[in-house]
Amino acid sequence: MECIWLKTSPSLKKGIDLINHLEETKFEQFLRRIVVKLKNQDIEIFTEEERRKLEKIFKLNDQQLLLSIKTIMYIFKRMLKFIFMPADLKSDLLDVGFNEEKVNFFIKVWSHETKLTLNDLASTSNKYEGNPNLQWKLNTELSSEFNKKSKVPKAYVSFLGEHEVTEVELTHQELNSIFLQIESIQNELDNIM
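0 is the number of the first residue of the sequence shown in numbering that gives the first Met the number 0; add one for each residue after it.
Just so you know, these hints were derived from the structure itself, not from any lab. Heads up, some of the hints might be wrong.
Claimed, not checked - Here are the computed lysine-lysine pairs in the BS3-like style, where the Cα-Cα straight-line distance is at most 30 Å:
hint : residue 1 : residue 2
1    : K58       : K12
2    : K76       : K58
3    : K69       : K107
4    : K12       : K107
Predicted model, so just to flag it, every value in this text is computed and none were measured.
Please build the complete structure, drawing on both the sequences and the hints.
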């Protein structure tokens, strides 16, 4: 009943139960709308009028509809932070209590969104394919208006493409985190070889 990437709680269980009872014909459209708004980081997913219509369609009260929306948002945020094989994701969603039909809708929408994200990454990486160049420099901020006697080391990394320059400012902690992630990837690649 547990999965590594998702912490279950009584509220989540209640949300899953509500989602399992939502009408199948409108669910995929409902799910897609939530995911699109989530990706766009919109504050309001549904207007007041839309929520009233959804309450009638799904036969829910305001609190139940809100819990259903929050549950879907939480699960999708978690899904987008991990890399899954579709079969493993399906198994995990079934384990936490979703019914087969809802799991299939989640997998379908997740697959579509993941494909879009990967295509965006591929098109972004093509910008640097012709003449990739990486430059970096280190600076230390010795003091500022807010911290009179502080030393803040910062790394500046520039990715130079043919038509675009992307600069990133990193603190020591952020740079260390990236290094550890790259080292982890390298270890996994070494283990495969």
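Here's how the hints hold up against the structure:
With a C-alpha separation of about 19 Å, the suggested pairing of K58 with K12 holds against the 30 Å cut-off. The hinted pair formed by K76 and K58 meets the criterion: a straight-line CA distance of about 26 Å does not exceed 30 Å. Of the supplied pair hints, the one linking K69 and K107 holds, its CA atoms being roughly 19 Å apart against a limit of 30 Å. A threshold of 30 Å between alpha carbons decides the hint, and for K12 with K107 the separation of about 22 Å falls inside it, so the pair holds.
The structure meets every hint from the earlier list without exception.
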